[in-house]
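Add chains B, C, D, E and F to chain A, keeping to what the hints say.
Spelled out from the first residue to the last, the chains are:
Number of protein chains: 6
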Amino acid sequence: MGVVVQNIDRADPSVIEGLGRAGVATVHEAQGRKGCLASHMRPIYTGARIAGSAVTISAPPGDNWMLHVAIEQLREGDILVLAPTSPCDAGYFGDLLATSARARGALGLVIEAGVRDIRELTEMGFPVWSRAISAQGTVKETLGSVNVPVVCGGQAIAPGDVIVADDDGVCVVSRAEASEVLARAEAREAAEEEKRRRLAAGELGLDIYDMRGRLAEKGLRYV
Amino acid sequence: MGVVVQNIDRADPSVIEGLGRAGVATVHEAQGRKGCLASHMRPIYTGARIAGSAVTISAPPGDNWMLHVAIEQLREGDILVLAPTSPCDAGYFGDLLATSARARGALGLVIEAGVRDIRELTEMGFPVWSRAISAQGTVKETLGSVNVPVVCGGQAIAPGDVIVADDDGVCVVSRAEASEVLARAEAREAAEEEKRRRLAAGELGLDIYDMRGRLAEKGLRYV
Amino acid sequence: MGVVVQNIDRADPSVIEGLGRAGVATVHEAQGRKGCLASHMRPIYTGARIAGSAVTISAPPGDNWMLHVAIEQLREGDILVLAPTSPCDAGYFGDLLATSARARGALGLVIEAGVRDIRELTEMGFPVWSRAISAQGTVKETLGSVNVPVVCGGQAIAPGDVIVADDDGVCVVSRAEASEVLARAEAREAAEEEKRRRLAAGELGLDIYDMRGRLAEKGLRYV
Amino acid sequence: MGVVVQNIDRADPSVIEGLGRAGVATVHEAQGRKGCLASHMRPIYTGARIAGSAVTISAPPGDNWMLHVAIEQLREGDILVLAPTSPCDAGYFGDLLATSARARGALGLVIEAGVRDIRELTEMGFPVWSRAISAQGTVKETLGSVNVPVVCGGQAIAPGDVIVADDDGVCVVSRAEASEVLARAEAREAAEEEKRRRLAAGELGLDIYDMRGRLAEKGLRYV
Amino acid sequence: MGVVVQNIDRADPSVIEGLGRAGVATVHEAQGRKGCLASHMRPIYTGARIAGSAVTISAPPGDNWMLHVAIEQLREGDILVLAPTSPCDAGYFGDLLATSARARGALGLVIEAGVRDIRELTEMGFPVWSRAISAQGTVKETLGSVNVPVVCGGQAIAPGDVIVADDDGVCVVSRAEASEVLARAEAREAAEEEKRRRLAAGELGLDIYDMRGRLAEKGLRYV
Amino acid sequence: MGVVVQNIDRADPSVIEGLGRAGVATVHEAQGRKGCLASHMRPIYTGARIAGSAVTISAPPGDNWMLHVAIEQLREGDILVLAPTSPCDAGYFGDLLATSARARGALGLVIEAGVRDIRELTEMGFPVWSRAISAQGTVKETLGSVNVPVVCGGQAIAPGDVIVADDDGVCVVSRAEASEVLARAEAREAAEEEKRRRLAAGELGLDIYDMRGRLAEKGLRYV
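Protein chains in written order, with the working numbering: chain A, 3 to 225; chain B, 3 to 225; chain C, 3 to 225; chain D, 3 to 225; chain E, 3 to 225; chain F, 3 to 225.
For reference, chain A alone in the conformation it holds in the complex:
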């Protein structure tokens, strides 16, 4: 505890942008169905879709001091990721911190705790994915760390990993795999377009994906 890692590596901006375009569901499939944060991590308003580099924060329960420390470490296009050291729903973050984080380049926040000033954050268009909405205030007494590995929403997140977040939730892509995942995501999207067209026309997935034989082999009975 009490460490700030100042220079972290980030993925290529064009790769990050591409992952954001693909969105959480596609990216998560493209990397082998891994990386989704737990389903209790919900957006405070619908319609946002962002991707950026994780600036991570490990913070004590009910203590948001490290957010101020982390904001200094932000670069354009980063996403703050905060995990408390024990479960906590308090409101670590509101419109003042959002104003500051945005001024320093942040695109949004992913937090395994609470957030407040929902009306103002919505008006600002500063998106947050959180476990709770809570006005409960915090203190500034105990150190945590910035840009260390954390577990947030049940996923291990390293500083500089790519965070993709939209109405489906949040997905993390390791920095090292980001460009490979993007390539697979784009291939997946291309393939889906054709399938969507055929399904819309009334063709069945049973036929398009050629499932009938395997279903029969497993013993599916029609009665």
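These aren't lab readings, by the way, just hints derived from the structure by calculation. Worth double-checking, as some hints may not be accurate.
Note that the list lumps identical chains together, so a pair holds whenever it fits in one copy or between two copies.
[What the hints assert, rightly or not] Capping the alpha-carbon separation at 25 angstroms, the derived lysine-lysine pairs in PhoX-like fashion look like this: (1) 142 / 197; (2) 36 / 197; (3) 36 / 142; (4) 142 / 220.
What follows is chains B, C, D, E and F alone, placed relative to chain A:
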């Protein structure tokens, strides 16, 4: 496991339509305060109100294979109802399956698990009531069954039962009772109109429903 | 059980109005980070912000009889606060009761249970903060009490306390402290304006709040 | 609501006894991995293992009146199964009711709600599987029904179905399938004995169940 | 925050002792079915039954400093009651604090948070009712208060209130009502003895409590 | 997915043994209050205390195939650690697998899912820390991985990390830090012995830890 029942009976379309107009709260009262699915079954967007015949799916945790099988069994006006065989939040359903289900007649989905592609489903106007929103993908390895009785949201649902769903949640009406429930729901609505007018004018429920005597008899004290 | 306290003291209307303008997060900080109801108490729609005097209801699980009794006790600007005597998600309140409560002066409802007729309540603009949305109906068989102290959302609430509620949740201010809390809330808001401007310009909280020395003293290391 | 079905069919006592000997895990597997109640249904003390015929109760939240009605319907070897009509943790059942239920033949209780007098029930050796332990009392004001189909712990249970309960939780076997399930359970147990011996000797499941080929075929890589 | 009330009134020791003998379920009924803490407040081991005067602690999340302050305020026969200012599961209390608390007169702890050193506490026979068992440590940085009113397990508890705790959970009795509640509890126990004897002999509650007429009047049908 | 890492490094056996002797609470403090798994990870029976090297398993929901694969990778003194790829309570593990795991050297299991055959596991003395007890069976259809990094109970666990588990829950110590943590744990235990003696004699933590000055400085008021 591994059974698909192909021909199920459905309620009369005009009865189904009437139940949909009445809505979940009225229908549930009209059948004796029963049939409401648990309150964790929430719509992915507000404003939808549908009613249709249940095409039921019993699926293994994390395996959405049977959705493809079920879609073939749909008729115009049906609603898919999926219950996993053990608790699971994974995202069984997204915009491709919705495209296919709609093409085959489905009005929506009720699922005791997760759903994804929320933005696309909202744009399509394909409503879903689910326990979770999750991009977590599923596999296609293990058989389940289609059009067998299931328990979803704490309610027993038989194939062909009428599902009513709106912003209040989801209610099931057994096929056999549907027309009788509709009659009571319509009577209830007519009665409510007059009460609403009197309450809006400032009259008290204590007087309209003549409660004062019974309250006094039970011992209510005003101090 | 079975008591209705008819004449309760309320805070000064201008104080209540001021607290409503300040909002939940500011009010809660202004009274020393206390009074927030638990984060599961969520608004049924976003955008409402109200403040009023608590008319409290202690009700049995699944029994909404006392709501009718409480509505008679309302005055203009009150907020109904209902806590069940054991945990219950049933839908105690819907559009008929809202019509009646509004006609008698209520601004909204805070309920540690369920609420229904969400579409109608939203159209009416009658805000509710609740633990659940549920169409499950209730009975009228057992007495509770009105205008007695209750615990709702983990906070002790006395009749006549000021309730502030917005998108961040709900906060209670004791009647005796209301004007003092308002004074502190207004001072706080004035101070925030200047900070927001500086943060928006890119200054850091680390500098504005002069945190660097204390962080170093606690042992924060930059690597 | 408000119906008591007085004469229900029960399974053969020797079949019930056999299912009890096999236990929850074996019985559940023997009927195709179905019938387990949700994992929040826990025994109030460890070590009990019972099987019996379900006498079912559908009760309002916080109202235990129907337990008295149900006790009259008990026969030797029955198990009470109570499901509230909306979620409730109140303590419906304690040592007086247990004394009465036992005197009329009950072996235990399965309840999707709370239970109290844990010390006395443990001393009596009257086992209960419940969702909660709670001293919160209930009223006797509203009718429910006895020996109607209920959903308890996420499973549909009909009166006369066989309930098996032990430290692993609770499983329901439909009356019609009970003897067939017993046959499969006994076959399963015989097969397990040999496997247990081989596994204890250090042989691997990979070899005993001949899994290596299929794992390789699916693409498992050893590195 | 930051206040220690040093001299609190306590109930009469013989009354406290009597309430402890009666136990949680009886005491809670005797005071009108109120005062039970939420069912998630569970004992760390079974078999303890205590009653004592509440020495209350309001503590920040993850900060157990005030426990040391509170221990100085203990008198023989007291029970520590800790509520965090926002939800927290961290382990505030272990065997060292228990050793200290016992040396100063404490009979046990009721805590809406976590506790650790379960093995040692069990060996010492120092009972705890808590929301969680967790080894997660806490800090000593932020003030809370001692002997102020708190909400714990959903119940308002004032310093000096009587706490009764056993295998059924925890109940609070206000100091002012303690002797009256004891009188009713003892009357209740006397009445139960006779009922238990009759129920054990096979008489039905339906007859002992003369329920048949009222059930028929409400419309209960036997089929 | 679908990878088995066969040779992993483990910590020194004497270090592991020492950490086990110290127990979860001490070890967790000794490494800076980190490493505790979430408090829902509970032992299936009390009294066990183990420490060993993690053999990790990432498994699909409801599929326990990889347990068989992992058992082959066990060495004497290992502990199995299983995390499903999406939340699942099904019973992945029972007495047959325990028999096999023990025969190959396992000391116990830590599983973010369900376990069954509780009676048999207790009789065998094979300890398990799990999120649920559930008889719900699993399939063997989909690959997972063995000895890859996992997140279990909210903590990142690498193969070969040291797992310490007792009645307080589970703690992970990274292999690289194990001996250093042991040294600090032993120092901590030595210091505690003296404190325990003084606290038992009635001295206050306020004095032993010299807290009075700092409390006064922070503004604590005695009234």
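Verification of the hints:
1. 142 / 197: Answer is between; shortest inter-copy Cα gap is 17 angstroms, intra-copy 53 angstroms.
2. 36 / 197: within (23 angstroms within a copy, 35 angstroms between copies)
3. 36 / 142: Result: close only across copies, 16 angstroms inter versus 35 angstroms intra.
4. 142 / 220: So residue 142 and residue 220 pass the 25 angstroms test across copies only (11 angstroms; inside, 59 angstroms).
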